[in-house]
Amino acid sequence: MLFKFELEGGNFSKVGYASSQIKKVLKQLAIDPRIIKRVVVALYEAEVNVVAHAWRGTVVAKLDADKISLELKDEGPGIPDIPLAMSEGYSTASEAVREMGFGAGMGLPNMKKNVDELTIESQVDVGTTVRMVTWFNKKGA
Amino acid sequence: MKIQRIQELTDASIVCGSEKRENDVQCAFASDLMSDVLTLDCGNVLLVTGLCNLQTIRTAEMAEVSYILFVRGKKVTSDMLELAHENNMVLMETDHSMYHTVGELYSAGLLPIY
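First to last, the protein sequences are chains A and B. Numbering-wise (my numbering), the first sequence opens with residue 1 and increments by one. Numbering-wise (my numbering), the second sequence opens with residue 1001 and increments by one.
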């Protein structure tokens, strides 16, 4: 199964919609609730990142029998230093994003903690692609 | 601790899910930072927060938090209510500060997560 959602930079009213829909699908498939929580927390953090930092983006979720693969691709400023961005507490978020309860530099570390595989590709002033895989039987952990 | 007891201790009003006032919560967590809320790994938790917007409800949905107490007189909006209803949440509002609210709850024996 393949699901696709659009994200709009700066539009926080829609953040979490993709995560919410994926959560419903995973629940219907009777996936372990602990795994569902890990998947949706990582996806939600990733959605917030796109809306907080990029101009627009897409979420593609591919559901297989044994895993879920998530790809978030955005057009935006990109990440100049990915290892730095991965460190807890590092943030370039605006004051508006902080007022929404985010922007404390926990997003990428939270995503890494909650998925089995995480890869980030980014080009400054072009955009960022985040890919995350979570195995339902944790073989990939 | 029952929701009704939390309501009494903090002079709160229940604005969503009042039929669940007999439900029990095991522990509480107080934060205005949603990324911290997303790190929680505990069932039946009460979130005490002064951050009152749609993302608070979305964050609670993802973190499996079903009970939220808004402090500092923050008022829940209609879109927050709608999303909370969809997710069977209990929302409460109190005029007390975060410090006062968590002090009352802690003194009455509601445990912290850590």
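Misleading hints may appear alongside valid ones.
Chain B side only, calculated, beta carbon under 8 angstroms to chain A, not exhaustive [as the list claims (entries may be wrong)]:
hint	residue
1	Leu1038
2	Thr1056
3	Thr1059
4	Met1062
5	Ala1063
6	Asp1095
7	His1096
8	Met1098
9	His1100
Simulated from the structure, these hints should not be mistaken for lab results. A virtual CB, placed ideally from N, CA and C, is assigned to each residue, including glycine.
Checklist entry - Which hint numbers doesn't this structure obey? => result Numbers 6, 7, 8, 9 - these are the hints that the structure violates, sorted from lowest upward.
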